[in-house]
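J.: Here is what each chain is made of, one letter per residue.
Protein chains: 2
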Amino acid sequence: MESMASIKPFNITYSIDPLAFEPKEEVILRSLSTMKEAFIDQTAAEAALARGEDPRIVEVYMAPVPHGEGFLMANINVVYPGKVGMEYFMTKGHIHDDPDHAPEIYITVKGTGKLLMQNLAGEYSVLDMAEGLINYIPAPYAHRCINTGSQPLVYLGVFPADTERDYSFDSKNFKKLVVERDGQAALVDNPLAK
Amino acid sequence: MESMASIKPFNITYSIDPLAFEPKEEVILRSLSTMKEAFIDQTAAEAALARGEDPRIVEVYMAPVPHGEGFLMANINVVYPGKVGMEYFMTKGHIHDDPDHAPEIYITVKGTGKLLMQNLAGEYSVLDMAEGLINYIPAPYAHRCINTGSQPLVYLGVFPADTERDYSFDSKNFKKLVVERDGQAALVDNPLAK
Numbered sequence: 002m003e004s005m006a007s008i009k010p011f012n013i014t015y016s017i018d019p020l021a022f023e024p025k026e027e028v029i030l031r032s033l034s035t036m037k038e039a040f041i042d043q044t045a046a047e048a049a050l051a052r053g054e055d056p057r058i059v060e061v062y063m064a065p066v067p068h069g070e071g072f073l074m075a076n077i078n079v080v081y082p083g084k085v086g087m088e089y090f091m092t093k094g095h096i097h098d099d100p101d102h103a104p105e106i107y108i109t110v111k112g113t114g115k116l117l118m119q120n121l122a123g124e125y126s127v128l129d130m131a132e133g134l135i136n137y138i139p140a141p142y143a144h145r146c147i148n149t150g151s152q153p154l155v156y157l158g159v160f161p162a163d164t165e166r167d168y169s170f171d172s173k174n175f176k177k178l179v180v181e182r183d184g185q186a187a188l189v190d191n192p193l194a195k
Numbered sequence: 002m003e004s005m006a007s008i009k010p011f012n013i014t015y016s017i018d019p020l021a022f023e024p025k026e027e028v029i030l031r032s033l034s035t036m037k038e039a040f041i042d043q044t045a046a047e048a049a050l051a052r053g054e055d056p057r058i059v060e061v062y063m064a065p066v067p068h069g070e071g072f073l074m075a076n077i078n079v080v081y082p083g084k085v086g087m088e089y090f091m092t093k094g095h096i097h098d099d100p101d102h103a104p105e106i107y108i109t110v111k112g113t114g115k116l117l118m119q120n121l122a123g124e125y126s127v128l129d130m131a132e133g134l135i136n137y138i139p140a141p142y143a144h145r146c147i148n149t150g151s152q153p154l155v156y157l158g159v160f161p162a163d164t165e166r167d168y169s170f171d172s173k174n175f176k177k178l179v180v181e182r183d184g185q186a187a188l189v190d191n192p193l194a195k
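Listed in order, the protein sequences are those of chains F and X. With the working numbering applied, the first sequence corresponds to residues 2 to 195, in that order. With the working numbering applied, the second sequence corresponds to residues 2 to 195, in that order.
Hints in this document: simulated from the structure, not taken from any laboratory. Note that the coordinates shown come from a computational prediction; the quantities given were computed from them, not determined experimentally. Treat each hint with caution, since some may be false.
Note that identical chains are pooled: a pair holds if it fits in a single copy or bridges any two copies.
[Stated by the list, open to error] Derived PhoX-like pairs (lysine-lysine); straight-line CA-CA distance at most 25 Å:
hint	residue 1	residue 2
1	K111	K25
2	K173	K115
3	K37	K177
4	K93	K9
5	K115	K9
6	K9	K173
7	K111	K93
8	K9	K177
Produce the complete structure using the sequences and hints provided.
T.: Have a look at this one:
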């Protein structure tokens, strides 16, 4: 196992406008074509792709930290503004593999959104994301971030670096969806929920 | 041991101007009289106290999270602007009790400063603190935050919640001091360093 003594102190720098982050060890980029199954309106998703539209939806930039026990990971996450049908752009959502030891803390640095969470007992929770808010996600809660605003939603996530993300908790598990209704973000039942 | 399932998702809210944070489980308040030994210029510290001045230097607001294994703690920290002699207001500095499993991540939300770190081998490091910077502190590094600006330095700290702070790493251990010299922040040798 890599020892904590093996890394030196370092800064992560971020710029909001234009969006830029350094250093980044690993980058996750998701566009509509790579995560279309996450959205409820498959007709709208397919229609957009048929028109040649494949918008960038999510970017994740990871800090250069070993993925080992005893380290903290720091991710910069971006969810771009937009919708698929009436559903806002969002992250796929996932749950951590260790329900007793892998909480996560989000700090929003730009934009506005909703943090949708649900534990394995089916209890759900929705928190606002905005500058001035820090979200505490206990380990047993799956979590998904939804950009309900008109600018990129940018947030830092801190979690134990040996955490694995389990994406099998997906759009068929979340009981709720966040959609635009009458120009407002609304929490509605997910018709696909098991 | 308290289970992770025992807490629900929650938001921490912070306001920068005026400074305000909710919720807060535990608050640490330090004024000059309670931390004067941390400063190199004891004559200046005693003179200020003799004049009836006892300025607030540090505030720490802790999130309402159990101090148990598997939780992450989120602290909002404030270091006010000011000096004792030529030395800027700062935190006492401490090292975490578990050098392999207790790193910390700082995110500055207001102000400017320096993060002084030193490991048990005597290697030191200085990082800037400012909006747009996230500091990664590996576990074996003692750390102290110095406000080199003219407004409060406010930063969020995230670390494993079962971490104990060891304040026996103190001003006699840090090899360097951050002082004002010619109107600028300067890193100088600490004459008290063992």
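J.: Which holds for K115 with K9 at a C-alpha limit of 25 Å: within a copy, between copies, both or neither?
T.: Classified as between: cross-chain Cα gap 16 Å, same-chain 35 Å, threshold 25 Å.
J.: With 25 Å as the alpha-carbon cut-off, assign the pair K9 and K177 to within, between, both or neither.
T.: Classified as between; 17 Å across copies, 43 Å inside a copy.
J.: At most 25 Å between C-alpha atoms: does K93 with K9 qualify within a copy, between copies, both, or neither?
T.: Only across copies: K93 and K9 sit 22 Å apart there, 33 Å inside one copy, limit 25 Å.
J.: Within a copy, between copies, both or neither: where do K173 and K115 come within 25 Å Cα-Cα?
T.: So K173 and K115 pass the 25 Å test inside one copy only (19 Å; across, 47 Å).
J.: Go through the copies and call it for K37 and K177: within, between, both or neither, with a Cα cutoff of 25 Å.
T.: For K37 and K177, the Cα distance is within 25 Å only inside one copy (18 Å; across copies 54 Å).
J.: Within a copy, between copies, both or neither: where do K111 and K25 come within 25 Å Cα-Cα?
T.: both (19 Å within a copy, 24 Å between copies)
J.: Within, between, both or neither: how does the pair K9, K173 come out at a Cα-Cα threshold of 25 Å?
T.: between (42 Å within a copy, 22 Å between copies)
J.: Tell me, please, which holds for K111 and K93 at an alpha-carbon limit of 25 Å: within, between, both or neither?
T.: within (20 Å within a copy, 32 Å between copies)
Hint check: no violations occur; every hint is consistent with the structure.
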